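A.B. asks: First to last, the protein sequences are chains D and Y.
Going letter by letter, the first sequence gives residues 570 to 825 in our numbering.
Going letter by letter, the second sequence gives residues 164 to 450 in our numbering.
Calculated directly from the structure, the hints in this document are not laboratory data.
Remember, predicted model here, so these are calculated numbers, not experimental data.
Ideal Cβ placement from N, Cα and C applies to all residues, glycine included.
Keep in mind that the hints are not guaranteed to be accurate.
Unchecked claim - Residues from chain Y that face chain D, not an exhaustive set, calculated with beta carbons under 7 Å:
1. 256
2. 285
3. 287
4. 331
5. 332
6. 340
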Amino acid sequence: MSAPTTNDTTRAEYCVVACAEVWRDAGEVLASPMGTVPTLGARLARLTFAPDLLLTDGEALLIGDTPTLGRPPEVVEGWLPYRQHLALVATGRRHVMMGASQIDRHGNQNISCIGDWARPRRQLLGVRGAPVNTLNNPTSYWVPKHSPRVFVEHVDMVSGVGYARAAEAGPSATRYHRIPEVVSDLGVFDFETPDRTMRLRSLHPGVTVEQVQEATGFALGIPAEVPYTREPEADELRLIREVLDPGNVRSREVPA
Amino acid sequence: MSDKTMTAEEAVGRLRSGMTVGIGGWGSRRKPMALVRALLRTDVTDLTVVSYGGPDVGLLAAAGRIRKLVAAFATLDSIPLEPHFTAARQRGDFELVELDEAMVMWGLTAAAQRLPFLPVRAALGSDVMTVNPRLRTVTSPYDDGEEFVAVPALRLDAALVHLNRADTRGNAQYLGPDPYFDDLFCQAADTAYVSCEQIVDTADLLKDAAPQTLLVKRAFVTGVVQAPGGAHFTSCAPDHDRDETFQRAYAQAARDPETWRAFTDRFLSGDEQAYRAAVTAFHGERA
Numbered sequence: 570m571s572a573p574t575t576n577d578t579t580r581a582e583y584c585v586v587a588c589a590e591v592w593r594d595a596g597e598v599l600a601s602p603m604g605t606v607p608t609l610g611a612r613l614a615r616l617t618f619a620p621d622l623l624l625t626d627g628e629a630l631l632i633g634d635t636p637t638l639g640r641p642p643e644v645v646e647g648w649l650p651y652r653q654h655l656a657l658v659a660t661g662r663r664h665v666m667m668g669a670s671q672i673d674r675h676g677n678q679n680i681s682c683i684g685d686w687a688r689p690r691r692q693l694l695g696v697r698g699a700p701v702n703t704l705n706n707p708t709s710y711w712v713p714k715h716s717p718r719v720f721v722e723h724v725d726m727v728s729g730v731g732y733a734r735a736a737e738a739g740p741s742a743t744r745y746h747r748i749p750e751v752v753s754d755l756g757v758f759d760f761e762t763p764d765r766t767m768r769l770r771s772l773h774p775g776v777t778v779e780q781v782q783e784a785t786g787f788a789l790g791i792p793a794e795v796p797y798t799r800e801p802e803a804d805e806l807r808l809i810r811e812v813l814d815p816g817n818v819r820s821r822e823v824p825a
Numbered sequence: 164m165s166d167k168t169m170t171a172e173e174a175v176g177r178l179r180s181g182m183t184v185g186i187g188g189w190g191s192r193r194k195p196m197a198l199v200r201a202l203l204r205t206d207v208t209d210l211t212v213v214s215y216g217g218p219d220v221g222l223l224a225a226a227g228r229i230r231k232l233v234a235a236f237a238t239l240d241s242i243p244l245e246p247h248f249t250a251a252r253q254r255g256d257f258e259l260v261e262l263d264e265a266m267v268m269w270g271l272t273a274a275a276q277r278l279p280f281l282p283v284r285a286a287l288g289s290d291v292m293t294v295n296p297r298l299r300t301v302t303s304p305y306d307d308g309e310e311f312v313a314v315p316a317l318r319l320d321a322a323l324v325h326l327n328r329a330d331t332r333g334n335a336q337y338l339g340p341d342p343y344f345d346d347l348f349c350q351a352a353d354t355a356y357v358s359c360e361q362i363v364d365t366a367d368l369l370k371d372a373a374p375q376t377l378l379v380k381r382a383f384v385t386g387v388v389q390a391p392g393g394a395h396f397t398s399c400a401p402d403h404d405r406d407e408t409f410q411r412a413y414a415q416a417a418r419d420p421e422t423w424r425a426f427t428d429r430f431l432s433g434d435e436q437a438y439r440a441a442v443t444a445f446h447g448e449r450a
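Required output: the full structure, derived from the provided sequences and hints.
C.D. replies: This is how it looks when you write it as structure tokens:
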């Protein structure tokens, strides 16, 4: 059921638009994107359908303009050093899109280590802010290379908390817990199922259900009818290509 | 009026094996590297290190000085993984108390405010609870009855931080965009050693800067060390950026014991002046 693409939109551009959609209707909150494609997505969202988003320069400044990737901002509208950023998480006025070295069907995410925690086969970053993020503000994920090594049956170290684990941990864990979406280079996924496990929400044009299944290490919810990720509008493509990323950095994260 | 200036050697000379030492900065940003390098020249070991980890953790781990690390991550920022930290973890070299970024902040805050713990909505449901079986929860005494994680106070025997300016009494100033948690580390510690790019007269601290840049108060400072370039190779905005070329060389050298030995022979076998001369020569070769 491979769908022929009718235009020259690249996979990276579908991914940017899919990431931007994460912040639709988010309101006046901080968009915290991690990675090139989510950064472009957040900036695209602010230039189009989510004008109230707050964005940072990647360090301590809230930026009032929406600059080209890699360019410094010209307008600063606020100050958000690390300690305020951590405190902001607890207010809930933030929607973060994190990376995931591993993610499972319940939305548990791991960026800490691979293998046994006591003596890891591969030490990664550490849990960073994932435990506090997932319990306090909406947390979405971005996976640039969808594979069974990332989409695993069980993550080795639960850094970001998924739905089942939050439920087990009780009302204080579930109160503000929400994982709206997972975006990968193959499609968009969510947890809008009765048992809150991951299902395929849309395929990026050119991708098949079989491809997604093969690249996923657990049984994914597959609806009878799977739509395609929406086409970018002409103005969105122009913003991505001419304003936000004329250097085409996006294609390094998601090759065409 | 007490003059707290001392050399890096005098500052680390007050540290003892087995101590809990907090290190300021974040990742590969404004780390008190001159103090860490001085610490490496002592035989102090068996340390419990509390840090938003960067090459401070890497260097101490590579030298086998850490018994226990309390951290949420270690990174070189522009190079995501700290190579010595990952290698040491994979060898099982030290005990790790892996907390969330916010838990480290609230643990230091509790210590600074002489509280045994602070409640946080974090870590519940995550494996932070599994791998730290000594963490406890606390139930709200109010009608909501919610259950939170009780982050234990992270009280420190000593704190090491690096700032842009300080006076001789220990008032210290940051001029970059982010204070990180340096004042908190100093308040959470029994003794705190502040290195700085430049020691200036108290009257000159606000010559070109606003009062809110005065981050660390002298009441929380034991020693002040003038250490220009003392954060190298991490950043110390606006005085200097991260030395990316040198950082790459550091990360590359960390890949195997042989090249790491050559790196330490070249850069870390002498005093701070020798280090700076070696770094200058390193850049000269590349010019």
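A.B. asks: All hints, please: hold or fail.
C.D. replies: Evaluation of the provided hints:
| no. | hint | in the structure |
| --- | --- | --- |
| 1 | 256 | violated (10 Å) |
| 2 | 285 | holds (4 Å) |
| 3 | 287 | holds (4 Å) |
| 4 | 331 | violated (27 Å) |
| 5 | 332 | violated (25 Å) |
| 6 | 340 | holds (4 Å) |
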